[in-house]
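Visitor: Using the sequences and the hints, build the whole thing.
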Amino acid sequence: MPRFLLCDQLEPRRRAGCRYNGRRVTESILSTNSTYSLAEIAQRFDLTCHGDPTIRLDGVGTLAGAGPSQLSFLSNSKYSAQLAATHAGVVVLREEDVANCPVAALVTRDPYVAYAKIAALFERLPAALAGIHPSAVVAAGAQVSSSASIGPCCVIADGAVIADGAVLGPHCIVGEDCTVGAQSRLVARVTLVTRVTLGKRVLVHPGAVIGSDGFGLAFDHSASDHGSWIKLPQLGGVRIGDDCEIGANTTIDRGALDDTVLEQDVRLDNQIQIAHNVHVGAHTAMAGCAAVAGSAKIGRYCMIGGNAGVLGHLELADRVTITAKSLVTHSIREPGEYSSGVPLQENRLWRKSAARFKHLDEYARRLSALEKDRNNE
Amino acid sequence: MPRFLLCDQLEPRRRAGCRYNGRRVTESILSTNSTYSLAEIAQRFDLTCHGDPTIRLDGVGTLAGAGPSQLSFLSNSKYSAQLAATHAGVVVLREEDVANCPVAALVTRDPYVAYAKIAALFERLPAALAGIHPSAVVAAGAQVSSSASIGPCCVIADGAVIADGAVLGPHCIVGEDCTVGAQSRLVARVTLVTRVTLGKRVLVHPGAVIGSDGFGLAFDHSASDHGSWIKLPQLGGVRIGDDCEIGANTTIDRGALDDTVLEQDVRLDNQIQIAHNVHVGAHTAMAGCAAVAGSAKIGRYCMIGGNAGVLGHLELADRVTITAKSLVTHSIREPGEYSSGVPLQENRLWRKSAARFKHLDEYARRLSALEKDRNNE
Amino acid sequence: MPRFLLCDQLEPRRRAGCRYNGRRVTESILSTNSTYSLAEIAQRFDLTCHGDPTIRLDGVGTLAGAGPSQLSFLSNSKYSAQLAATHAGVVVLREEDVANCPVAALVTRDPYVAYAKIAALFERLPAALAGIHPSAVVAAGAQVSSSASIGPCCVIADGAVIADGAVLGPHCIVGEDCTVGAQSRLVARVTLVTRVTLGKRVLVHPGAVIGSDGFGLAFDHSASDHGSWIKLPQLGGVRIGDDCEIGANTTIDRGALDDTVLEQDVRLDNQIQIAHNVHVGAHTAMAGCAAVAGSAKIGRYCMIGGNAGVLGHLELADRVTITAKSLVTHSIREPGEYSSGVPLQENRLWRKSAARFKHLDEYARRLSALEKDRNNE
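If you read the sequences in order, they're chains A, Z and X.
Here the numbering used here is used: position 169 in the first sequence is 169, and no number is missing along the way.
Here the numbering used here is used: position 195 in the second sequence is 195, and no number is missing along the way.
Here the numbering used here is used: position 31 in the third sequence is 31, and no number is missing along the way.
Note: identical chains are not told apart, hence a pair may lie in one copy or across any two.
Distance condition first, Cα-Cα at most 20 Å in a straight line; then the derived EDC-like pairs of lysine to aspartate or glutamate:
| # | residue 1 | residue 2 |
| --- | --- | --- |
| 1 | K231 | E263 |
| 2 | K117 | E40 |
| 3 | K352 | E362 |
| 4 | K358 | E346 |
| 5 | K117 | D220 |
| 6 | K200 | D177 |
| 7 | K372 | E362 |
| 8 | K78 | D110 |
| 9 | K200 | D164 |
What the hints contain is simulated information worked out from the structure, not anything from laboratory work.
Guide: Here it is in structure tokens:
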């Protein structure tokens, strides 16, 4: 018995003919009672099956926590000991681990990827009904596909386009000249400010703000007092490619003249800040609280660690990894892993190291002087 | 004369019988005219009173700013000089400071704690009426206590439970299978995404997002192009204990398989990021912009400084303090204070230190070589 | 043909006489067809004009991207090569660059400032109609100017004041005793919690939370278990001066007893955290993700870099610049530029430097010992 996020029995309001029409938008929704046989899963994902193919599975779990009707996985050999003791119904693993598996197994070269695909079968997304919730405010000049779902209290401006099968959860705002691509999902409370284009299957989490003003200021020395700031109008937009994911409370500013761009399959965690005119290459992922300053250009397949930063106007090559909390202060031309920062110490010891840091230049000079003396002897 | 946040004269809408029913939810609300005698306060909080017990107090203030009808406190001896000059009506202080107090005094061993308790008497929270505002959208399958207050534009999904005396300010979203415990307060614009359970007396500030998808990705090398990301469904939830406080725009992701957990009395400041499957022990406090990566386990009574970070899967013992902006890169087994980072310098000098940092390994080797030479002489 | 953000044809609801009244609030709105002659612009901004004064301009662009009906600028000599090749209709530049300009020119001492002012002519803000959208919830005790615009789903509490010409986009919340000054613009989804006063022409971006509780806690050792936290009521407010700008998802807490203060023309980027009782001097700008801890006092004309931090209770003089990601750990009395942090290296090399950092104190001692030996020879 499916449950719906929104009361479809609410009386229609505002736009006749636009209420929820009772058709479900998302095809992937499963009732909580869905089960699959091991054989079905093996066939669907093209995996080799060991054990009773009629076992029925109704969910997933960790090696330690899964029960006989659940599927688990072994991807990291660190957890091999847990395999021997697992009570899972079936485990996804590599060929070399089959011998140690006390229960049924599905064999693949990449168990983590296979598990990710299988687990999606058991995800129950909030159901979404096609149509517009009566409490939503949709401008006359907005185009909303009849197969899209517009949740309670959404506000959609003139010039906005909501494509087929897109789902806007409660409280989303889609400003002027913004487009939400087909099958995209704004979970709830997402703000697209202006001139934002989302591709297909983009997923945006609550509190994200996309298309707000870039931080562009000119200091006017001639102004009264000793000068003051003048704001530069931010006339560009934001373009987000297919299959991107944008985390909760992440902010992406629109460009000053040209656009801010995320290519396809870019994955941003929560509370990330992308400044105006940044360009992020396809398949790049950034962990929580990373920040990229204006006009920086990040390559493809990069990994930016949590709370790492990239200064403005820099360029990062493809396949660059920046470790957590590092600050990128110069462009990086070669793929590889880069870091800054100093290691954690007990505060008592750290204070000594930190105090010495301020005198490093002096120490280096004194060291050279000693060496020179030594060589002159 | 109490004032109400919400117009209770608005006509009912949507759900007959569910409008504000005129009963106030929060008992602690005081009119601005509330006053207390010194004797009343001394008795209520079990403090020793010096001076005229009939003095009436109508508020609190700093030693420097408080007037004769206000109460102040001296907790830090740094401010002793201000005590002598205070115009406050009464000062909360330690026994040893009574002699230097020119006005009435309340004596206690911990003036700051006593002050906190007394000051709460003078806080005027926005009044909240039991019932559901007519602009709120409440699903038929939600359970809302008749003593709870649901503010304007709130959206409450099927399977949600709002317990007795809970107050949801305007624009809160409570998703499927979320529970708001008794006497909890969501100030405004709070989002509980899915499978979130808040305990009793939990306070959540605006913009907080709890229960959003954890950032779980598997890289599928076999995908077209040179591979792409696959999302791992986030099937766990979030459990938040009694008496926790969650700051503005803070994000707490739900777990991948198990839950993300905050034990009781955890206090999070603004813009904190808690990743999926993190476990935070009771009474731990984190300052603004701290971030904890996935599956980290923080002990009880820890203090995490502003913008500090903890890498994934690490464990911190009880009573660990991390100073501001430090990055925890290994598990910590012993209580104590830990730090990373280098001290602030004038940029001109810092550049020299920073340049030398890159050669530290070389310097250490050269130093050893000199020592060896020395010893061989 | 102007387009409106909000459907003014919606039927009135809730408060008769308060619907949008059809008068536009913002005078600066231009239709997309607005054009200006070179002569008009030169006269309006008092610039010297070279070239055909009848050229008509309909927008702005980069030197590389602008076409014949667009205006560009040359502010940084780094882009001089682009000047020679530009197809812009006119370029704003300095006297010394006129000779190299292949098209019409406007001459000024500060091309970036002049460009900022001119570009504002071509910005098309979402139109705003005076009046209150029927879906907004406005308390009976709120004062809303008849020339203000209150967007969809806004919630305005008792005691709130919305001054002349103020524009509140969709989903703004204005809490008790908050004031929005004349001509201020809350773009969308802004939360003013309580006791917040915005001056004139203040611009606040989506997701910003102003006036939330400061993070004030006292640890009560006498509580059950091994002690627990007690919250200090936050009884102050927030005062924001004229012409300030507050970025998306930025948080500014209200004071514990006194107010948190931003003087005029303070410019805050996205995701900045300003704790309770902070005081920021006029004309100071902070880049994204900066954070200032409680009671810190920042001077005038300061520049705080991205993700930089300032510890609590510190004071920064006027005209102090803090570079990105630096942590200010002591008060700064002299203007100038200050930094902390270490440079980015390849991870393999950085590991060596970082490992040595922990032994800096030992190295310094060994260096001194060698020098002493040397001197004793």
